[in-house]
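Quick mapping for you: the protein sequence lines, in order, are chains L and C. Count the first sequence with this note's numbering and you get residues 1 to 159, in order. Count the second sequence with this note's numbering and you get residues 1001 to 1159, in order.
Just so you know, the hints here were simulated from the structure itself, not pulled from any lab data. Incorrect hints may appear among the rest.
[Claimed, not checked] Subject to a maximum C-alpha distance of 30 angstroms in a straight line, what follows is the list of computed DSS-like cross-link-like pairs (lysine-lysine):
# : chain 1 : residue 1 : chain 2 : residue 2
1 : C       : Lys1088   : L       : Lys74
2 : L       : Lys105    : C       : Lys1088
3 : L       : Lys74     : L       : Lys64
[Stated by the list, open to error] Sample of chain L residues with no beta-carbon within 10 angstroms of chain C, all distances over it, derived:
# : residue
4 : Lys26
5 : Thr96
6 : Met98
7 : Asp123
8 : Leu135
9 : Ala154
Bear in mind the structure is a predicted one, so any value in this text is a computation, not a measurement. Note that the Cβ used here is the ideal one computed from N, Cα and C, for glycine as well.
Number of protein chains: 2
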Amino acid sequence: ARPRVGYFYSGKKKEQQLSENMMNMKVRDFQSIPVVVHESLSVYDAITQMFLEDVGTLIVVDEKSFLSGILSRKDLLRTAIGTTELEKIPVHMIMTRMPNISYCKKNETLVQAAKLLIERQIDALPVVESTDGGLAVVGRLTKTNITKAFLSLAENHDF
Amino acid sequence: ARPRVGYFYSGKKKEQQLSENMMNMKVRDFQSIPVVVHESLSVYDAITQMFLEDVGTLIVVDEKSFLSGILSRKDLLRTAIGTTELEKIPVHMIMTRMPNISYCKKNETLVQAAKLLIERQIDALPVVESTDGGLAVVGRLTKTNITKAFLSLAENHDF
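Please construct the entire structure, taking both the sequences and the accompanying hints into account.
Written out as C-alpha cells, the structure is:
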C-alpha cells in the first residue's frame, strides 16, 4: 500500500486519473440514442414500441418534433391494467408533460445528471438542446448509462 | 492543477480516497430491502404490489421462502397487454426462474454486481445467502443503488 503521508515520486497516478476521469465525464459521452414517439400514438403502439426498442422510457414529441412528454414502463403498466381499449387512447392522455419533465443537456456532467435521476426518482432523462421553437431531443440518459460510467471508472484501474 | 510528474507532499489525497472508496464499496453497503412475493400470487396482485412498493423488480420465493424467480416491469407489462384475466394467472407462470436468475452476495464488490447488471441487461439482482435448503433472499441491488454509489464517489470530492 502507498504511504498516506510523505514525499514520493509521482508519474501520472491511477488515483489522479480516476478523479480526472470523473470530472470529465459528460452526458454527451455516455448518452444513448433517444427513442421518440408522437403524441398521437396509441398507448398500445407505444407499448409495442417500448418492447421493440427494449427501452424503459419513451420520449414524446409534438408535431414540430419538440419535447412534449415522457412515458415510463410504470405509466404504461398502470394504463394497461386499468383500461381495455389501449388502441384508442393516445399517449398524450397518460404521459408526464412539460413543464413537469426533468431533462439534461449534453455538456452537463454525468454527476449532475445522476443527481437529477436520484432526486426526481426517475429512470431516464431526455437530453435536449434549446432552440427558438422548443426543446429538441438529442439523446437519452438512463441509470444504465450511469452504471456503465461507474464500471468505466473501475476498468481504468486495477482493483 | 497538480503537476503530473514530480515530487510533492502528499497528505491523504482526494484521488487516493476516491480509489480506496471504490475498492471498498460492497453490495451490503448499498443494497435495498428486497420486495418479495410468493409463487402463487396472481399477476394482478403482483402488479399492485409493484406499484405499492414502487419497485421495478419483484423477487419470487417458494413455499420455503427460498429464491425461485424474478419479475420485471417488462414481464408484467407483456402479460398485461396479452391477457385479460390477470387475477387467474399465478406469477410462477410468467416469472424468470432458477437457474436463469442472476444474483449476488452481500460481500461482493459493487463493481462485480454492476458488471452483472450490464452483461445480463437487467435492472436488479437479488442479494442472497446460500443455505442448505436453497438461496435465502437478504436484499435487492439495482441500477439505482449503483447510481447512488456513483454520486457518493463525487460527493466525497470537490469537483
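Would you check the hint for Lys1088 (chain C) and Lys74 (chain L), treating anything up to 30 angstroms between C-alpha atoms as holding? holds, 22 angstroms
Given pair status - Lys64 (chain L), Lys74 (chain L), alpha carbons within 30 angstroms: Roughly 27 angstroms separates the two Cα atoms, so the pair holds.
Minimum Cβ-Cβ distance from Ala154 (chain L) to chain C exceeds 10 angstroms: Check fails; 4 angstroms does not lie beyond 10 angstroms.
Could you grab the alpha-carbon distance between Lys105 (chain L) and Lys1088 (chain C) and see if it respects the 30 angstroms cut-off? violated, 46 angstroms
Asp123 (chain L) and chain C, when compared Cβ to Cβ, separated by more than 10 angstroms: Incorrect as stated: the minimum Cβ-Cβ distance to chain C is 8 angstroms, not above 10 angstroms.
Chain C versus Met98 (chain L) - minimum CB to CB distance exceeding 10 angstroms, so not interface: holds, 24 angstroms
Please confirm whether Lys26 (chain L) is truly not at the interface, meaning its C-beta sits more than 10 angstroms away from all C-beta atoms of chain C. Holds, because the least Cβ-Cβ distance between Lys26 (chain L) and chain C comes to about 12 angstroms, which exceeds 10 angstroms.
Check the non-interface label on Thr96 (chain L): least C-beta distance to chain C beyond 10 angstroms or not. Its Cβ never comes within 10 angstroms of chain C, the nearest being 15 angstroms, so this holds.
The output says Leu135 (chain L) does not contact chain C. Does that hold with a beta carbon cutoff of 10 angstroms? holds, 23 angstroms
The structure fails hints 2, 7 and 9 (numbered hints given earlier, in ascending order).
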